[in-house]
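Input sequences plus hints: build the corresponding full structure.
Number of protein chains: 2
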Amino acid sequence: MLNFEFKNPTKIIFGKGEIAKISKEIPENSKILMLYGGGSIKSNGVYDQVMKALEDFEVTEFGGIPANPEYEVLMDALQVIKEKNIDYLLAVGGGSVIDGTKFLSAAAKYDGEPWGILKKPVRTFEGEGLPFATVLTLPATGSEMNSGYVISRRGTQEKLASGGPGLFPQFSVLDPEVIRSIPKKQVANGIVDAYSHVLEQYMTFPSSATLQERIMESIMITLQEVAPKVMAEDFDYDAAGNFMWCCTMALNGLIQKGVVTDWAVHSMGHELTAYFGIDHARTLAIIAPSHYRYNFETKKGKLAQYAERVWNISEGTLEEKAEKGIEKMEEFFQSLGIKTKLSEYTENYEGTAEKVEKTFTDRKWLGLGEHKKLSPKDAYKIVEMSY
Amino acid sequence: MLNFEFKNPTKIIFGKGEIAKISKEIPENSKILMLYGGGSIKSNGVYDQVMKALEDFEVTEFGGIPANPEYEVLMDALQVIKEKNIDYLLAVGGGSVIDGTKFLSAAAKYDGEPWGILKKPVRTFEGEGLPFATVLTLPATGSEMNSGYVISRRGTQEKLASGGPGLFPQFSVLDPEVIRSIPKKQVANGIVDAYSHVLEQYMTFPSSATLQERIMESIMITLQEVAPKVMAEDFDYDAAGNFMWCCTMALNGLIQKGVVTDWAVHSMGHELTAYFGIDHARTLAIIAPSHYRYNFETKKGKLAQYAERVWNISEGTLEEKAEKGIEKMEEFFQSLGIKTKLSEYTENYEGTAEKVEKTFTDRKWLGLGEHKKLSPKDAYKIVEMSY
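Chain order of the listed sequences is A and B.
My numbering runs 5 ahead of the 1-based position in the first sequence.
My numbering runs 5 ahead of the 1-based position in the second sequence.
Each hint should be verified, as a subset may be incorrect.
In silico DSS-like links for lysine-lysine, alpha-carbon gap of 27 Å or less [what the hints assert, rightly or not]:
no., chain 1, residue 1, chain 2, residue 2
1, A, Lys-114, A, Lys-12
2, A, Lys-114, B, Lys-16
3, B, Lys-16, B, Lys-36
4, A, Lys-12, B, Lys-305
5, A, Lys-21, B, Lys-377
6, A, Lys-164, A, Lys-344
7, B, Lys-12, A, Lys-36
8, B, Lys-21, A, Lys-262
9, B, Lys-12, A, Lys-114
10, B, Lys-29, A, Lys-262
11, B, Lys-36, A, Lys-262
12, A, Lys-262, A, Lys-16
13, A, Lys-114, B, Lys-29
Chain B regions said to be covered by chain A (calculated; three or more residues, Cβ under 8 Å) [said to hold, decoys possible]:
no., stretch
14, 10-24
15, 221-229
16, 235-248
17, 297-305
18, 381-392
From the derived model, a few chain A residues whose C-beta atoms are all more than 12 Å from chain B [unchecked claim]:
no., residue
19, Asn-49
20, Phe-62
21, Leu-83
22, Tyr-115
23, Leu-228
24, His-275
25, Lys-369
Hints were generated in silico from the structure; no laboratory data involved.
Here the structure is a predicted model, which means the values were calculated and not measured.
Even glycine gets a Cβ: it sits at the ideal position worked out from N, Cα and C.
So this is what it looks like as C-alpha cells:
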C-alpha cells in the first residue's frame, strides 16, 4: 500500500430538487458568471431552476462552451470576468463546461498569458483560483468533484491537462433528474467514461490496497447493474442516482490512493478523438481491449481478479479467467451500443498506428502504463490491434 | 436513494514516516497545544517523531486525557489554551484524545459555559472551531476524519455527543507503523468498533443506494480479510494499512449518504459501558446479535444480503441466510477473542435490561433504530437476549 495524501473539500449536494439550494451556498452580493454549453439547459428546465435560485444575485451569462473546451472561447469569457469584475463562477453543464470553468478560475488569478498555466513543466496551478461551483447536467467525467481539467487550443492543435489543489469546486449540485433528458448516446458515453476511469486506476496488477480495489470493483459492478435501467426508455430515478454518484466517485481521487495507475488507454484514445472526432468514451472502448490483450502478461493477475469479482467467473485457469474478463468488458460496452473496433467508426483507419507512434515519439513520452515502460512502438501495436 | 449533502475537507496524510510532514501543514509561528493520553506515545516513538517535526514551533504539552474524555480534564486544557494564547491544537492519540481536542476546538471559540455546546437542543456547534489536526495512534473510531465527538462528565454521569461542520481536523496523519505497538486487545476492539460502525449504517433494509451498500460491504470484507493478519504476532504493514484506512472510511460520512441508519446498538452498548466499564467495542459485539435477531422481520432482507455478499452464503431460504449472517458475524467477533454475551463479562448481569429500559424512558427517546419505532421495552428485550 503506497503512501498517499487525500483531500477533497468539494461539497456535494445530491438529489431531486436540490438546485434551489445554490442561492444559500454562494456568498451574498457575489457577481456571478454563469457558464454553459450548447443550450440544452434551456430546454430541460435546468436553466430556469438556476436562474430562479439566483434571482437575488447579479448574474452574467456566458453560453456556447464547446464539447472540448477551447482556449479561444474561454479567452472571451476571461474578458467578461475582467470587465464585469466577476467574483464567482457557476458552471452549469457537463465535464467540458466544468473543465473550462476551472481553467478560468485559475486564469483569473494568473499574471501573464493564461496558456502559460498549462505549459509549465509540471502543468499544475499552485494558487487558489477564483471561487466556483457547478450544477452537473451530464454525469461522466467526475470533474464536478476534482481539481483537474483538460483544455484544447484550436490554433496550435494542442490539448493539455492541468489542475491543482486550489481548483476544486466549492460545491456541486448533482440532481439525477437531469438524466431524464440526456440523449441515450450520451448516457452510454457517460457510463463507459466512468467505467474506464475506474479501469485506468484498477487494471494494473493485484495490489495490497485491498479496500481501494474493492471500492473500484463496487463502482464497476454498480455501473453494470444500473446501465440497462438508465439506458431504458422509462426514467428510473434510483438507477440515475447511482449512475451519477458512480461517475463522481470514479474520479474524485479516492480510489487512486495507495495504488499505481495506468491511464495509457486515455493517452491513446485522445489521439483517436483528435484524428477522427470519435467521442472520447468510445475511443476508450476501442483501445482498452487491445491494451489489456497486448499487456496480458503483466495484467493477467488483475484481469483474473476482475473476472472473478466483477463478473463472477469462477471456472478456468488464471489466463482463461483473464481473457474472459476482457470479453465480458467488451460485451458490456457493446450492450450499450458502443462499438469496440476502430474500423466500425471509420474506413480510414489505416495508418493510425503510425500516426500515434510518431505523435508519442515527438512528445518524448517517458513511458506509458503503470510500469512506465510502454514505448511509442508498443502504442503502435496496441492501436493496430484495435483496428 | 435519499437526498444528501457531503463535505469532508480533512486532508489525510497516509503512510510510513509521514509524521515528519506535520511541520509543513501547520501555519508558521503557530502556538501549538499538543494533546495526548496516557503516555504510550512516549514508549512507541510517536512522541519523539512529533516533537522532532515541531522543533521550530512553540509547543505546550497536555497529556493525561482519559479513555472516555472527561469534561473536567478538558477544562484544565481549556485554561492552558487561554493562558498561553494557543492558536493550534494537535491531538496525538486515538478517538478519545481526538474527541477531546474537537471539543476544545469548539469550546475555545464559544462564549459562556462550554458544557452549553453539548446541552443545546440540536447539540451541534455551528461556528468554526480553533484549528486542529491529529496524529492517529489507535485506529478505531474514525474521529480523525469526521466532525463529531463524545464527551463524558464525571460530576453529572452524563455522556453527550456533539459536532458540527466547523470541527473537521485540518489534517490527520495515518501511519500504519503505529499499530506495531498496540496491544492485541485494543487492535481487536478497533476492528470490532469499525466493523460495527459499518453495521449501524448498513443493517437496516435493502436500499436503492447500491454503490453505498457495496462500499460498506467492501469495508466489512476487507476488515475480515486483514483481521487475522493484524492480530498475528508478526507485524504486517499492508494489513495494518488496510485496517487503518477501513476504520477511517467506516465513519467519515461517505457511506451513510443516501441511506437510513440505525445506531441502536451503540445506544444500548453505551449503557453497558456505563454500568460495567466494558470496552465500547465489546458492548457492540454483545448487543448486535440480539438486536438483529429481535428485529429479524424488518432486517432479514439486509441480513440475507450481508450473508450472500460478505460471507458468500448461497444456500438456503432468505431467512436461513439471514440467520447464517448473524452467526457469521458472531463467529467473526469471537475469532478476535471478543465474547458476545454479557454474562461472559460480568456475573452481575441480572437487572441490566430493567436499568436500560428505565434510562431510555427517563431520557424520553423518540424511538430507536432505522424506523425510530423501538421503545424502551424493546430495548429491555434486546438487552435481556444479550445475557
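(request) Please name the hints from earlier in the document that this structure breaks, with their numbers sorted from lowest to highest. (result) Numbers 4, 11, 17, 18, 23 - these are the hints that the structure violates, sorted from lowest upward.
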